[in-house]
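J.: Read off the chains here:
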Amino acid sequence: MGVVLTDPFGWIGQTLLELLTRLGLQVGAANLVINLLGAVVLGTICMTLGALITWVERKVVARFQDRLGPNRVGPFGLLQPIADGIKLLTKETVTPTGADTIVYNIAPVVMVMSVIGLWAVIPLAPRLIGSDINVGVLYIVSVGGIGTLSIMMAGWASNNKYALLGAFRTVAQLVSYEVPMVLALLIPTLLAGSMGMATIVEQQANVPYIVLAPIAALIFFISSMAEAGKAPFDLLEAESEIVAGYNIEYGGLKFGMFYVGEFLHGFTIAALTAVLFLGGWQGPLAESYPLLGLIYFLAKTSVVYFGVMWVRFSFPRLRIDQLNTFNWKFLTPLSLAVIVVTAVADKWAVQAGLSRVGVLLGANALLVLAIVWLIGAYARSARRRLERTGDKQAAGAHA
Amino acid sequence: MSALQWVFLLIAATTLVAAIMVVVGPNLVHAAMWLILALAGVAVFFVLLDAGFLAVVQVAVYIGAIAILIIFAIMLTRHLTADTEPQVTRSWWLAALASMVLFGGLLTMLTQIPTLTVGAPPLPGNPENNVRDLGQALVSLDQYVLPFETASVLLLAALIGSIVIALPPKAARADEAES
Amino acid sequence: MLDQWIFAAFLLPVGLLIPAVPIVLAALVSPHKPNSIKQSTYECGVETVGETWVQFKVQYYIFALVFVVFDVEAVFLFPWAAAYNLMPFYMVLEGVLFILILAAGLLYAWRKGALEWV
Numbered sequence: 001m002g003v004v005l006t007d008p009f010g011w012i013g014q015t016l017l018e019l020l021t022r023l024g025l026q027v028g029a030a031n032l033v034i035n036l037l038g039a040v041v042l043g044t045i046c047m048t049l050g051a052l053i054t055w056v057e058r059k060v061v062a063r064f065q066d067r068l069g070p071n072r073v074g075p076f077g078l079l080q081p082i083a084d085g086i087k088l089l090t091k092e093t094v095t096p097t098g099a100d101t102i103v104y105n106i107a108p109v110v111m112v113m114s115v116i117g118l119w120a121v122i123p124l125a126p127r128l129i130g131s132d133i134n135v136g137v138l139y140i141v142s143v144g145g146i147g148t149l150s151i152m153m154a155g156w157a158s159n160n161k162y163a164l165l166g167a168f169r170t171v172a173q174l175v176s177y178e179v180p181m182v183l184a185l186l187i188p189t190l191l192a193g194s195m196g197m198a199t200i201v202e203q204q205a206n207v208p209y210i211v212l213a214p215i216a217a218l219i220f221f222i223s224s225m226a227e228a229g230k231a232p233f234d235l236l237e238a239e240s241e242i243v244a245g246y247n248i249e250y251g252g253l254k255f256g257m258f259y260v261g262e263f264l265h266g267f268t269i270a271a272l273t274a275v276l277f278l279g280g281w282q283g284p285l286a287e288s289y290p291l292l293g294l295i296y297f298l299a300k301t302s303v304v305y306f307g308v309m310w311v312r313f314s315f316p317r318l319r320i321d322q323l324n325t326f327n328w329k330f331l332t333p334l335s336l337a338v339i340v341v342t343a344v345a346d347k348w349a350v351q352a353g354l355s356r357v358g359v360l361l362g363a364n365a366l367l368v369l370a371i372v373w374l375i376g377a378y379a380r381s382a383r384r385r386l387e388r389t390g391d392k393q394a395a396g397a398h399a
Numbered sequence: 001m002s003a004l005q006w007v008f009l010l011i012a013a014t015t016l017v018a019a020i021m022v023v024v025g026p027n028l029v030h031a032a033m034w035l036i037l038a039l040a041g042v043a044v045f046f047v048l049l050d051a052g053f054l055a056v057v058q059v060a061v062y063i064g065a066i067a068i069l070i071i072f073a074i075m076l077t078r079h080l081t082a083d084t085e086p087q088v089t090r091s092w093w094l095a096a097l098a099s100m101v102l103f104g105g106l107l108t109m110l111t112q113i114p115t116l117t118v119g120a121p122p123l124p125g126n127p128e129n130n131v132r133d134l135g136q137a138l139v140s141l142d143q144y145v146l147p148f149e150t151a152s153v154l155l156l157a158a159l160i161g162s163i164v165i166a167l168p169p170k171a172a173r174a175d176e177a178e179s
Numbered sequence: 001m002l003d004q005w006i007f008a009a010f011l012l013p014v015g016l017l018i019p020a021v022p023i024v025l026a027a028l029v030s031p032h033k034p035n036s037i038k039q040s041t042y043e044c045g046v047e048t049v050g051e052t053w054v055q056f057k058v059q060y061y062i063f064a065l066v067f068v069v070f071d072v073e074a075v076f077l078f079p080w081a082a083a084y085n086l087m088p089f090y091m092v093l094e095g096v097l098f099i100l101i102l103a104a105g106l107l108y109a110w111r112k113g114a115l116e117w118v
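In order, the protein sequence lines correspond to chains A, B and C.
Positions 1 to 399 (the working numbering) are the ones given, in order, by the first sequence.
Positions 1 to 179 (the working numbering) are the ones given, in order, by the second sequence.
Positions 1 to 118 (the working numbering) are the ones given, in order, by the third sequence.
Hints listed in this document are in silico derivations from the structure and should not be mistaken for laboratory results.
Keep in mind the model is a prediction, meaning the values are calculated, not measured.
Check before you lean on any hint, since a few could be wrong.
[Said to hold, decoys possible] In silico PhoX-like pairs for lysine-lysine, Cα to Cα no more than 25 Å straight-line:
| no. | chain 1 | residue 1 | chain 2 | residue 2 |
| --- | --- | --- | --- | --- |
| 1 | C | Lys33 | A | Lys329 |
| 2 | A | Lys161 | C | Lys57 |
| 3 | A | Lys230 | A | Lys329 |
[Claimed, not checked] Covered stretches of chain C, going by a simulated chain A footprint (3 or more residues, C-beta under 8 Å):
| no. | stretch |
| --- | --- |
| 4 | 7-14 |
| 5 | 24-30 |
| 6 | 79-92 |
We put the CB at the ideal spot given by N, CA and C, even for glycine.
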């Protein structure tokens, strides 16, 4: 009983290994079977989580909008996702004429794969991580890039002008916002001294990285929300704008897969923010009782996901040129500046023997002040320019 | 044969077939899809060679950025994404024969070299630290700092050059902005 | 080292199969009555006019291009960041120089108007 509490996942692995070797498999093959089993379990949990998240979002948006949300199907409407799933299952899937059948059909599958694949490197609890590779951070970037590709495939294969246009704009947005996301991912790597996700979480035992690099955390949070296509960046699938964008021609469960994949992506980026900046499974007594670590991880992820939903239901949608200006003229230079400032300040703090927390917080605060001043100066000059042209227009109108 | 060799054979076959389909198929966008499969195969090779960093770099840069660039370029420049003429010349069997002969010759030559027919020796250094060692090598004065900085100048030149070429002249942009 | 990748190597195909199974199930369960009107491309309820191609702006291409350059830059910077704790100060400055050169590139693109969404 003691070992179940202090090392439950190792105990599960050990029992499975013993069971399989007793059935006659060699140790190597048994290892493969355990990994396969773990992958199937994780994948299934992710899909069910995706369905559950749709219920959570509907309930939370309802409360934000002062109404009740789904509450007819099952207790508290918990069976609503199942009802939706059954409805989508029985809908006729209409393949448009001239659509490229193979590419059309694999696009939703590849999109969901790109989200589930991210969970392979997320440390869920101490010593519980799917793949403890030492390049976990870049793995996240690369698997996220596959999702971008799937949207391009969906838009092109639909043989529909609007789907193609929507897909181009979506891919342009996703590709643009990947730049500050990748640059912001450099900061936890820098502070932890490794690209492995398990190491990054272990290094946050004393102080989570959101304290050492708040601006980087914010940049990662915002740009990954744009990557997941969540509002206020959801121009590209807004029904009033471009009629659902790249998934116009998708019906039934193929659309359902896109839908669930998007919500799961939102939850996954909350999990990534919690792991990289809030300390993942770190917490009191997490080292000795890994189940507590799992609970801390889920709690932190839920808090961040509530933040994602809060932002989603509070802000109006950004226009596409506002989107691009915000990314290229604000987030990208800011992330470059943050890397330079953090790298120089941290090394100087370590060499001068000062407190790391104090120096980095001070550097971030100075950067914030500099940005506020810069934006104020830009706004002033823009206003002056507007007044000058406004005067000229008024003078021209009166003349 | 060990499981690793079976995996290698499978991935090698997939990559080769995908590479051939890139060249042979009439539809350009399908060719791009096959190219993506071939690039993914190369990424798996990197993993099998214990170069995990290069594998994720391959997927992130090639599949995540360059493949998208290629697809954009195809859709920007072609109205018809499919060629109507046959893609393979009539005497393709001659080319196939020549390449088989070349392959056979290379194979016999390479198997004569004793060091190439045994397994590769393990690299010095802990494979866990390969990224850290690479990082140190990139910026240490007696290793690769000059190529590192030159790479940034090269990237700058690529950025400026491509913007100069791709950006339409100001007149065209002003027209588009007003329309 | 190689067996660390096994889980990811299994999770990706499993992630491919898990959405594929419901879709195949739906294809078996759902009704299948195609007719030409249902299958015509959707254009807000109006009949399709002309071929399906879009003259798209070069802006899309430029964004993807700038992304490629910054992606490769980040790929160079990741090993530098991973070795950060073992470096003396001048090595940090070398990395900062790398970043500044590319920031100059971004500034050029900005001033040339390549980052506008026309």
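J.: Hint by hint, note whether the structure agrees.
T.: Against the structure, the hints come out as follows:
In summary, the hint linking lysine 33 of chain C to lysine 329 of chain A is not supported, as the alpha carbons are separated by about 51 Å, beyond the 25 Å threshold. A C-alpha spacing of about 14 Å is found between lysine 161 of chain A and lysine 57 of chain C, which places the hinted pair at or below 25 Å, so the restraint holds. The straight-line distance between the Cα atoms of lysine 230 of chain A and lysine 329 of chain A is roughly 21 Å, inside the 25 Å bound, and the hint therefore holds. Judged by the Cβ-Cβ criterion of 8 Å, the stretch 7-14 of chain C is covered by chain A as claimed, because 6 of its residues qualify and three suffice.
Counting residues of the stretch 24-30 of chain C whose C-beta sits closer than 8 Å to any C-beta of chain A gives 5, which meets the bar of three, so the coverage hint holds. A count of 9 residues in the stretch 79-92 of chain C with a Cβ less than 8 Å from any Cβ of chain A is obtained; the coverage claim is therefore met, three being the minimum.
Violation of the numbered hints given earlier is confined to hint 1; every other hint is satisfied by the structure.
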